[in-house]
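Colleague: For reference, the chains in residue letters:
2 protein chains.
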Amino acid sequence: MDSRNGLGAPQETSDADIESFFESAPPLRDSFNVSRKVKEFIERNSRSFENGRSTRVVCVTSGGTTVPLEQRCVRFIDNFSSGHRGATSTEYFVKAGYAVIFLHRRGTCQPYCGSLPEDSLLDCFELTEDSTVQACPSHAEAVKRAIRNHHAAVEEGLLLKLPYTTIFEYLQILRVIAISMRSIGSCGMFYLAAAVSDFYVPWESMLETDPKILLEKADKALRKYKMHMVVANELSTRNEEVVVISSSDRIAVRREHQNEDVEKHLIDLLVERHAVYIEKSSTVALTGEVV
Amino acid sequence: MDSRNGLGAPQETSDADIESFFESAPPLRDSFNVSRKVKEFIERNSRSFENGRSTRVVCVTSGGTTVPLEQRCVRFIDNFSSGHRGATSTEYFVKAGYAVIFLHRRGTCQPYCGSLPEDSLLDCFELTEDSTVQACPSHAEAVKRAIRNHHAAVEEGLLLKLPYTTIFEYLQILRVIAISMRSIGSCGMFYLAAAVSDFYVPWESMLETDPKILLEKADKALRKYKMHMVVANELSTRNEEVVVISSSDRIAVRREHQNEDVEKHLIDLLVERHAVYIEKSSTVALTGEVV
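Sequence order for the protein chains is C and W.
In terms of this note's numbering, the first sequence opens at residue 112 and continues consecutively.
In terms of this note's numbering, the second sequence opens at residue 112 and continues consecutively.
Do not take every clue at face value.
No copy is singled out in the list; a pair is fine if it fits within one copy or between any two copies.
Result set (EDC-like, lysine to aspartate or glutamate): computed pairs, CA atoms no more than 16 Å apart in a straight line [what the hints assert, rightly or not]:
{"id": "1", "residue 1": "Lys206", "residue 2": "Asp372"}
{"id": "2", "residue 1": "Lys323", "residue 2": "Glu345"}
{"id": "3", "residue 1": "Lys206", "residue 2": "Asp379"}
{"id": "4", "residue 1": "Lys206", "residue 2": "Glu266"}
{"id": "5", "residue 1": "Lys255", "residue 2": "Asp234"}
No lab work stands behind these hints: they were computed from the structure.
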């Protein structure tokens, strides 16, 4: 729906191009559950009647798509979209009696959240002395309205939220929805508000980064940027282990069990080293000694 | 701190490069307030004593940076980072008695939110019959812990959250913080967990998109993708006005006043057209007439 999608020279897309896109895409995680949820949602709503007619279903897409440049994706090309249009439109479709499949980019605007603070919903709530959660007075009305409308939509079974990040996930889930929507014919609508990339990088052509050169790069960064320490991690084990590199040593920091944050031990180490550093700096200041 | 930052061939950065980066950057919005907040935060904390020593201050950076490819930014190159490392580390620094300046990418992980559902905090709350907000039983403990720790950090004045999106904002705010941090010498620490792009596109070299060709492109999209309607909008007025283009007409849809969503009128129009379409489709089904 968004004219931004049309930027760039239009190219004809053949059936073979489409086939080749889906064949080259990485497998969709949890695809069985996504298909099941979509099918159930459409079936249930097409059986429910309101004002003498069956419920209409709209698929609203929302937010930008990412085009990964690496298989274990660190860098990608993105289309900006806050997701405001899709989230707000979802609210109005629900109000008009539609059942909405909200296919949205992870982390973008959510329906009924428009009048809440942008960054942390935690700012809207406080604990009373007896540990009861309550909405802060300044946000109370907006929070209550948001919770009421959101719960109503979910409880009436009128809102199915499905998240995606990459262009692969977006198109794969959209295809799943399109196949299920066939069963309701003209009672279905697609409202494509997502800002979709008009290109992609084929999955198998992407270069893997080499974990062997990690520590070497960390050593270089230490010298180049004149850091006291560099924390090196591999993408796949970044929540389990990091290596802290300084000019004098390399220390592997691991979490001790699955429910622990590796950051607990990492920050302990940094706080300890910082204290020693402050101590040494004040010795220099007092005696002029270079440490 | 993150080894991902070191990817790519290391190049020496001269003072002239740095100068030229800041000179070519778009002006930082709200820079006066950002500077004031940072200065006050550091001054207040450096004056407060705990266990016989002044409070230590750490600047934690978190999340990826975007490199805009257009001045009115629709497309950009991004570095992936959930912001988990920065957000979790912030919690442990606060626990260790540090005051934390949390310089984070908009929309990434926030401190104390790690154990809450990923997408919508609204899922954690419900309204009782007398319209009191309460945490859903399944999330109650996690929500209470999050609110308690978050409020404690904010109320003790130990957490200053500053958001950024682009590489320009990130480096401009980081410079503001670095200048203010000088006053506390070795008691300050920089913990740079953000995944920072190692390149940028100079602001003045970017091409503007031409609003005049918007409707022409929308017309093309309508035919190319065989849509029933295309909604065209300009980036700067997208929340005020859109044009709905079909094969038979162009309809400008505007909000009537500032507190209204343009989506209200847009969805009204689409729901109405959809009803006509369903009606026509069933006529076709009954009579075989082509409409």
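Colleague: With reference to the structure, classify each hint as holding or not holding.
Modeller: Here's how the hints hold up against the structure:
1. When the C-alpha separation of Lys206 and Asp372 is checked against a cutoff of 16 Å, the pair qualifies only between copies, where the shortest distance is 14 Å, while the shortest distance within a copy is 43 Å.
2. Proximity of Lys323 and Glu345 under a CA criterion of 16 Å is satisfied intra-copy only: 10 Å inside one chain copy versus 47 Å between copies.
3. When the C-alpha separation of Lys206 and Asp379 is checked against a cutoff of 16 Å, the pair qualifies only between copies, where the shortest distance is 10 Å, while the shortest distance within a copy is 51 Å.
4. For the homomeric pair Lys206 and Glu266, the shortest alpha-carbon distance inside one copy (14 Å) is at most 16 Å, but the shortest distance between copies (39 Å) is not.
5. Taking identical chains as interchangeable, the C-alpha atoms of Lys255 and Asp234 lie at most 16 Å apart whether they share a chain (14 Å) or sit on different chains (13 Å).
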